[in-house]
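Number of protein chains: 2
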Amino acid sequence: MRVQSPSMRERTKNVLATFSERSSPHSRNQRTAALKGPLTMSAPSKPSQRLKIALAPGDGIGPEIMDAALALFKEAGVHNHVDFVPTEMGRVVFDKGNTRGITDESVRIVEDCGVVFKGPMETPKGGGGKSVNVTLRKLFSTYANFRVFKTLPGVQTVYSKAGINLDFSIVRENIEDTYGGVEHRLSNDMIQCKRLISAPGCDQIHRFTFHTARKLGIKKVFCGHKANIMKMTDGLFLDRFKAAAKDFPEIEIGDVIVDALCMNLVIKPQQYQMIVLPNLQGDIVSDLAAGLVGGLGFAPSANIGKNISIFEAVHGTAPDIAGKGLANPTALILSGLMMLRHIGLLKQAATIENALLSALESGLHTGDFGDPALPGYTKEPANTNQFVRGIVEKLGEKPKTVTPAEVPEQSTPTFETSPRPEGQTMIRTFVNIVSHVVGCDIYLDSPLSPPAVAEEMMRASQDTPFKLSLISNRGTQVWPTGSVYTECVDYYRVRFELREGNLPGTIGQSRAVALMDKIAEKFTICSYELLRIFDGVRGYSMAQGQ
Amino acid sequence: MRVQSPSMRERTKNVLATFSERSSPHSRNQRTAALKGPLTMSAPSKPSQRLKIALAPGDGIGPEIMDAALALFKEAGVHNHVDFVPTEMGRVVFDKGNTRGITDESVRIVEDCGVVFKGPMETPKGGGGKSVNVTLRKLFSTYANFRVFKTLPGVQTVYSKAGINLDFSIVRENIEDTYGGVEHRLSNDMIQCKRLISAPGCDQIHRFTFHTARKLGIKKVFCGHKANIMKMTDGLFLDRFKAAAKDFPEIEIGDVIVDALCMNLVIKPQQYQMIVLPNLQGDIVSDLAAGLVGGLGFAPSANIGKNISIFEAVHGTAPDIAGKGLANPTALILSGLMMLRHIGLLKQAATIENALLSALESGLHTGDFGDPALPGYTKEPANTNQFVRGIVEKLGEKPKTVTPAEVPEQSTPTFETSPRPEGQTMIRTFVNIVSHVVGCDIYLDSPLSPPAVAEEMMRASQDTPFKLSLISNRGTQVWPTGSVYTECVDYYRVRFELREGNLPGTIGQSRAVALMDKIAEKFTICSYELLRIFDGVRGYSMAQGQ
Numbered sequence: 027m028r029v030q031s032p033s034m035r036e037r038t039k040n041v042l043a044t045f046s047e048r049s050s051p052h053s054r055n056q057r058t059a060a061l062k063g064p065l066t067m068s069a070p071s072k073p074s075q076r077l078k079i080a081l082a083p084g085d086g087i088g089p090e091i092m093d094a095a096l097a098l099f100k101e102a103g104v105h106n107h108v109d110f111v112p113t114e115m116g117r118v119v120f121d122k123g124n125t126r127g128i129t130d131e132s133v134r135i136v137e138d139c140g141v142v143f144k145g146p147m148e149t150p151k152g153g154g155g156k157s158v159n160v161t162l163r164k165l166f167s168t169y170a171n172f173r174v175f176k177t178l179p180g181v182q183t184v185y186s187k188a189g190i191n192l193d194f195s196i197v198r199e200n201i202e203d204t205y206g207g208v209e210h211r212l213s214n215d216m217i218q219c220k221r222l223i224s225a226p227g228c229d230q231i232h233r234f235t236f237h238t239a240r241k242l243g244i245k246k247v248f249c250g251h252k253a254n255i256m257k258m259t260d261g262l263f264l265d266r267f268k269a270a271a272k273d274f275p276e277i278e279i280g281d282v283i284v285d286a287l288c289m290n291l292v293i294k295p296q297q298y299q300m301i302v303l304p305n306l307q308g309d310i311v312s313d314l315a316a317g318l319v320g321g322l323g324f325a326p327s328a329n330i331g332k333n334i335s336i337f338e339a340v341h342g343t344a345p346d347i348a349g350k351g352l353a354n355p356t357a358l359i360l361s362g363l364m365m366l367r368h369i370g371l372l373k374q375a376a377t378i379e380n381a382l383l384s385a386l387e388s389g390l391h392t393g394d395f396g397d398p399a400l401p402g403y404t405k406e407p408a409n410t411n412q413f414v415r416g417i418v419e420k421l422g423e424k425p426k427t428v429t430p431a432e433v434p435e436q437s438t439p440t441f442e443t444s445p446r447p448e449g450q451t452m453i454r455t456f457v458n459i460v461s462h463v464v465g466c467d468i469y470l471d472s473p474l475s476p477p478a479v480a481e482e483m484m485r486a487s488q489d490t491p492f493k494l495s496l497i498s499n500r501g502t503q504v505w506p507t508g509s510v511y512t513e514c515v516d517y518y519r520v521r522f523e524l525r526e527g528n529l530p531g532t533i534g535q536s537r538a539v540a541l542m543d544k545i546a547e548k549f550t551i552c553s554y555e556l557l558r559i560f561d562g563v564r565g566y567s568m569a570q571g572q
Numbered sequence: 027m028r029v030q031s032p033s034m035r036e037r038t039k040n041v042l043a044t045f046s047e048r049s050s051p052h053s054r055n056q057r058t059a060a061l062k063g064p065l066t067m068s069a070p071s072k073p074s075q076r077l078k079i080a081l082a083p084g085d086g087i088g089p090e091i092m093d094a095a096l097a098l099f100k101e102a103g104v105h106n107h108v109d110f111v112p113t114e115m116g117r118v119v120f121d122k123g124n125t126r127g128i129t130d131e132s133v134r135i136v137e138d139c140g141v142v143f144k145g146p147m148e149t150p151k152g153g154g155g156k157s158v159n160v161t162l163r164k165l166f167s168t169y170a171n172f173r174v175f176k177t178l179p180g181v182q183t184v185y186s187k188a189g190i191n192l193d194f195s196i197v198r199e200n201i202e203d204t205y206g207g208v209e210h211r212l213s214n215d216m217i218q219c220k221r222l223i224s225a226p227g228c229d230q231i232h233r234f235t236f237h238t239a240r241k242l243g244i245k246k247v248f249c250g251h252k253a254n255i256m257k258m259t260d261g262l263f264l265d266r267f268k269a270a271a272k273d274f275p276e277i278e279i280g281d282v283i284v285d286a287l288c289m290n291l292v293i294k295p296q297q298y299q300m301i302v303l304p305n306l307q308g309d310i311v312s313d314l315a316a317g318l319v320g321g322l323g324f325a326p327s328a329n330i331g332k333n334i335s336i337f338e339a340v341h342g343t344a345p346d347i348a349g350k351g352l353a354n355p356t357a358l359i360l361s362g363l364m365m366l367r368h369i370g371l372l373k374q375a376a377t378i379e380n381a382l383l384s385a386l387e388s389g390l391h392t393g394d395f396g397d398p399a400l401p402g403y404t405k406e407p408a409n410t411n412q413f414v415r416g417i418v419e420k421l422g423e424k425p426k427t428v429t430p431a432e433v434p435e436q437s438t439p440t441f442e443t444s445p446r447p448e449g450q451t452m453i454r455t456f457v458n459i460v461s462h463v464v465g466c467d468i469y470l471d472s473p474l475s476p477p478a479v480a481e482e483m484m485r486a487s488q489d490t491p492f493k494l495s496l497i498s499n500r501g502t503q504v505w506p507t508g509s510v511y512t513e514c515v516d517y518y519r520v521r522f523e524l525r526e527g528n529l530p531g532t533i534g535q536s537r538a539v540a541l542m543d544k545i546a547e548k549f550t551i552c553s554y555e556l557l558r559i560f561d562g563v564r565g566y567s568m569a570q571g572q
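Listed in order, the protein sequences are those of chains R and S. Heads up: the first sequence is residues 27 to 572, going by the numbering used here. Heads up: the second sequence is residues 27 to 572, going by the numbering used here.
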């Protein structure tokens with residue numbers, strides 16, 4: 027079903043029903059066909075029509091809020107259509123010595139289901155265990171993190187008190203940037219982290235963003251970035267944003283430097299509808315945005331990939347209250363609503379959302395929030411079970427103080443998955459580019475002074491096609507010119523470029539490797555980069571002061 | 027003069043009087059000796075005792091707000107002690123074809139003065155011109171950006187309306203991180219930016235932070251970071267923070283992941299007194315913080331180096347209102363107060379600050395802010411000159427609704443500079459470390475599949491001391507194990523590590539370069555890193571999924 031003329035509030039609701047973009051959809055099983063007929067809560071489908079969702083309750087308060095969310099979903103008829111398949115992830119798996127935090131069997135379940143519903147999970151400190159959250163995103167290439175930030179009734183914040191109602195979303199690239207975790211100690215004193223931004227990675231996230239914006243009827247999308255400093259990497263992110271926008275002419279675009287964005291968000295957050303950002307900046311800005319609507323306890327999150335998607339509460343495991351039945355399940359319920367829409371249970375999702383909003387506006391609250399001005403507010407907060415029972419009681423009602431979700435007559439499931447790939451997929455943007463070697467950057471672990479380094483480098487390169495063109499330290503040029511006020515560390519970048527008379531295309535990389543070999547006789551070479559031009563465009567930045 | 031028992035408000039005021047940490051102070055001229063005696067506004071010092079400050083009014087609204095700030099300072103007696111020496115920077119210099127945006131003569135003036143008072147400057151679009159702001163920071167190694175965020179009377183914000191009064195500061199590392207701007211296109215589709223964090227760079231900023239905290243009587247300092255993802259680089263930043271803290275046992279420390287920090291800052295900003303962060307994160311968080319107190323128009327900024335310090339307004343040049351005499355000079359005045367304290371004019375600074383606060387609380391305002399509830403509020407805003415005259419009228423008064431700055435009986439100047447260095451200074455932390463080669467990471471520009479790359483790499487390394495240990499793509503392992511759901515780009519990292527039987531220390535880097543040379547026969551090697559252990563500790567990260 028296609029919702030007509032969506033209201034502001036409605037907009038961010040149906041998004042996940044249809045935002046997977048697939049060029050050649052294949053139904054892996056009978057789901058799609060089976061769900062084309064009317065879906066009602068009173069008419070359970072036949073067993074053969076059931077959907078499967080991988081279930082990962084999580085650690086700490088995870089199991090109790092997951093039980094609560096599922097109890098609510100069951101009352102709304104979700105279980106008539108869905109089987110939740112248990113998996114093993116998180117602490118129990120780490121405790122068995124599995125440093126990945128997920129069993130092979132559970133990986134297979136996730137791959138089979140294509141959808142994961144996940145509570146918060148601990149990352150064990152020490153012992154080499156990595157965050158399951160990050161591992162899942164990487165393992166299943168869920169390249170887009172989609173988060174919605176909406177003012178909820180009864181959830182008091184600095185902004186709600188100021189009468190500012192929010193309803194916007196952030197798309198965060200979920201794979202690249204410094205999150206590859208590629209780090210090297212290059213000298214005694216210098217450590218490097220590689221920040222990687224690829225054109226096809228940008229294209230994926232920007233297409234996702236515009237498709238989603240189109241579904242939601244959003245009129246303007248902003249790209250947040252730091253392209254004034256990271257001119258090539260974030261420059262690429264911004265260029266590909268503009269390129270992707272051309273296929274969505276009805277959507278206006280804007281771009282904003284991330285520091286200005288954060289200032290704007292605290293001064294006047296209601297000016298944004300949707301923002302797409304690189305990974306680290308998106309991480310920071312989306313948690314800021316969660317703060318604007320009350321914190322992580324009220325902000326749902328979806329990690330969307332081509333094949334597999336993960337819906338999760340991104341707050342912590344709250345070990346201090348775990349097992350006491352006091353936790354607030356709102357973020358997990360909201361993430362679950364995104365999931366229900368993703369698998370096409372639009373009617374159930376809208377019904378649950380209206381019940382949640384009705385309960386919240388009546389004053390129902392757990393111990394972490396609450397507005398005494400609301401009619402049904404009780405000084406004693408509800409525990410987790412009471413909170414969910416309060417929502418269940420409102421099933422079928424619509425909120426009065428905020429715009430209700432529009433409940434469709436029926437659901438139109440669109441969940442379909444691609445077949446399991448036989449190997450890794452290559453994603454590419456730029457092909458048939460002609461590149462030529464024009465030099466190399468060689469990085470030295472050395473405590474020598476800039477003039478001493480320069481002298482050695484000129485000697486090493488004298489009989490090669492390359493001349494020493496600059497030396498920089500921490501990005502600032504220190505040779506041939508520079509300032510005596512520049513403080514240097516024991517890690518130099520030495521740039522060699524083709525001598526006059528050697529045209530690009532006439533010298534291969536072997537001459538650069540040979541130069542490196544020669545320098546390695548006297549210096550520790552901690553790092554190296556080939557300098558090339560791509561279709562005539564320089565593929566490297568200048569030094570500050572060059 | 028040492029202020030006793032500083033109040034919360036007093037704390038952040040005197041900071042810049044004494045926060046330069048110098049191991050062996052040298053007075054470059056007669057300033058220090060001359061200014062030891064009492065400094066009063068009524069007793070101008072002799073010409074030989076005068077201070078020099080390099081003046082850069084800036085572009086757009088820069089000249090008019092600088093004139094306003096200087097008029098105010100003159101009325102408060104500052105010019106009895108200070109000569110402001112004009113420099114040429116910014117648009118006028120760019121327009122002459124100088125892409126650095128500062129003349130050589132002006133560089134010499136800055137070096138001679140040691141202090142710069144600076145208005146906002148344009149960065150020309152296109153033409154290769156770089157931001158003068160960034161160039162100055164790099165050129166003069168002003169490694170610490172110190173910014174104070176204080177709620178001002180009459181400046182309405184979402185937070186002031188909620189009754190939240192703020193008074194905290196952020197120290198941002200100003201040289202390292204991705205701000206070196208070292209970027210390379212490594213394949214058709216992949217661009218890299220180097221994120222560099224050095225131990226001595228961390229030590230500088232953390233020592234500055236703790237010294238400043240001690241001066242201000244701050245009880246707890248937080249380190250913001252992303253060490254859960256950038257485990258080595260931000261891990262180093264956090265480790266050196268903890269190491270530096272040991273010399274300041276009276277100051278409690280805490281650390282907070284930057285995304286959580288941003289959420290906390292919008293939910294409950296008053297929980298922080300001082301936060302130190304790496305460059306990019308500090309950039310983002312300090313602009314967020316400026317938003318909490320009304321924006322960049324109310325947030326002063328100082329860039330502090332060992333030899334040279336720059337005090338500037340960080341807002342834009344506002345070309346739309348430039349030349350109309352309408353601009354708000356508050357941020358520049360506040361930055362100037364930091365400067366006056368830095369050069370020891372404590373009494374003048376406190377007097378001006380009290381006059382500013384008195385004027386603001388009376389309702390004086392320019393067109394960009396104002397609180398109609400204040401007694402002297404006028405619907406028609408003051409222009410720049412009227413605004414400054416309104417402050418001048420309050421000289422000698424103290425604010426009634428906020429804690430006034432304590433006006434010392436006399437000023438105790440502490441401004442002294444080191445002699446001009448003869449060459450670049452080396453800064454070092456870890457010396458006498460024993461490192462051994464244990465392998466290398468070689469990065470390929472290749473569209474082949476992971477198994478095809480693996481086969482070639484095994485063949486190339488078969489007669490070398492190194493064995494192929496992993497292949498990753500965008501940080502995620504794709505060989506020997508991996509997921510078919512990992513999407514790959516045309517840029518691989520191939521890791522070679524010592525075969526069994528080859529002990530660390532027995533194989534030199536030349537064998538790694540030889541392996542690279544061999545691989546270069548068939549593949550384009552876009553990048554390379556030597557893998558080493560340092561005092562037995564692995565100097566490189568594992569791949570995700572390894």
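Misleading hints may appear alongside valid ones.
Given that identical chains are not distinguished, each listed pair holds provided it fits within a single copy or across any two copies.
Each computed DSBU-like pair below joins lysine-lysine, with the alpha-carbon atoms no more than 35 Å apart [what the hints assert, rightly or not]: (1) Lys493 x Lys122; (2) Lys493 x Lys272; (3) Lys426 x Lys548; (4) Lys294 x Lys246; (5) Lys241 x Lys350; (6) Lys268 x Lys544; (7) Lys350 x Lys548; (8) Lys544 x Lys424; (9) Lys156 x Lys493.
The hints are simulated quantities; they were obtained by calculation from the structure and are not laboratory data.
Structure-based check of each hint:
1. With identical chains, the CA atoms of Lys493 and Lys122 are at most 35 Å apart between copies only, with a shortest distance of 30 Å across copies and 57 Å within one.
2. For the homomeric pair Lys493 and Lys272, neither the shortest alpha-carbon distance inside one copy (43 Å) nor that between copies (47 Å) is at most 35 Å.
3. Taking the shortest alpha-carbon separations for Lys426 and Lys548, neither the intra-copy value of 77 Å nor the inter-copy value of 69 Å comes in at or below 35 Å.
4. In this assembly of identical chains, the alpha carbons of Lys294 and Lys246 lie at most 35 Å apart whether taken from the same copy (16 Å) or from different copies (30 Å).
5. In this homomeric assembly, Lys241 and Lys350 never come within 35 Å of each other (Cα to Cα): the closest approach is 41 Å inside a single copy and 45 Å across copies.
6. Taking the shortest Cα distances, Lys268 and Lys544 never come within 35 Å of each other, neither inside one copy (44 Å) nor across copies (41 Å).
7. Taking CA atoms no more than 35 Å apart as the test, Lys350 paired with Lys548 passes in neither setting, with 65 Å inside one copy and 62 Å between copies.
8. When the C-alpha separation of Lys544 and Lys424 is checked against a cutoff of 35 Å, the pair qualifies neither within a copy, at 76 Å, nor between copies, at 70 Å.
9. For a Cα distance limit of 35 Å, the shortest separation of Lys156 from Lys493 across copies, 25 Å, qualifies, whereas the shortest one inside one copy, 45 Å, does not.
This entry does not satisfy hints 2, 3, 5, 6, 7 and 8, going by the numbered hints stated previously.
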